[in-house]
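*Asks:* Sequence:
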Amino acid sequence: MRTLVLGGTTEASALARSLAAAGADAIFSYAGRTEAPVAQPLPMRVGGFGGVDGLVTYLRAENIGAVVDATHPFAAQMSRNAIAACALAGVPLLGLERPAWVAGSGDRWSHVGSIESAVQALPDAPARVFLAIGKQNLTGFAAKPHHYLLRLVDAPEAPPLPDCTVILARGPFDAESDKALLIQHNISHIVAKNAGGAGAEAKLIAARALGLPVILIDRPHLPARAVVGSVAEVLAWLGHSAD
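Under the working numbering, think of the first position of the sequence shown as 1, with each following residue one higher.
Hints were generated in silico from the structure; no laboratory data involved.
Incorrect hints may appear among the rest.
Unchecked claim - Straight-line C-alpha distance at most 25 Å; calculated SDA-like pairs for lysine to any residue:
1) Lys144 to Asp218
2) Lys144 to Ala158
3) Lys135 to Gly106
As the list claims (entries may be wrong) - Cβ pair distances, simulated, as ranges:
4) Gly65 to His185: 25 to 35 Å
5) Ala21 to Asp124: 50 to 60 Å
6) Asp124 to Pro41: 46 to 56 Å
Every residue, glycine too, gets a C-beta built ideally from N, C-alpha and C.
Build the full structure now, drawing on both the sequences and the hints.
*Replies:* Rendered as structure tokens:
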């Protein structure tokens, strides 16, 4: 059985290593959002499928017997397309989804449901904001008079916001380094997506240590689907050993 892994997360890469070690017939797909995606030990494809119809055509042409959606929790359109396409093609689908972050003692989190709500939740007076949401959906934040710190994987062609500092880095990150980063840039607020996972949690741990407020954007809603939280569970679903 050939498996299509919709990737782009740390968990997807871990799954790819396990599938390669098991000698599984699998293809790893990237959306193509970054210029140099991490190499995988499986055959790779990069780019979109052309919506639901395009994905159905691909599943049938490549004789895909199972799909694992291990995309980022905020890659909602790809996940919705996978749900619809797998239903049309009669291909089993499983989501590999990391648990969302949950506030603990000392956290100063405000939850919002959208990018637009995150913009509105920021103060009106000038502040210094670590805008940790990737490179998409940045333009709306220009409505507030803040200096924004952006941490991106790829260098932008032009400054994404009128008043911003861009640093280039690829996670995972650690709490001490992120704490130093927040201090260095005199950050007063953080805006982040509730992506979950350990690789990007460092900024939240650092914010807790510094007593900084965090505006956390909740995950988008998806139609019902089967979901697991570990690579071992995916391998069991596919019928492969986790050893």
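*Asks:* For each hint, tell me whether it holds in the structure or not.
*Replies:* Status of the hints after comparison with the structure:
no., hint, result
1, Lys144 to Asp218, "holds (21 Å)"
2, Lys144 to Ala158, "holds (19 Å)"
3, Lys135 to Gly106, "violated (29 Å)"
4, Gly65 to His185: 25 to 35 Å, "violated (48 Å)"
5, Ala21 to Asp124: 50 to 60 Å, "holds (53 Å)"
6, Asp124 to Pro41: 46 to 56 Å, "holds (50 Å)"
In terms of the numbered hints stated before, the structure departs from hints 3, 4, listed from lowest to highest.
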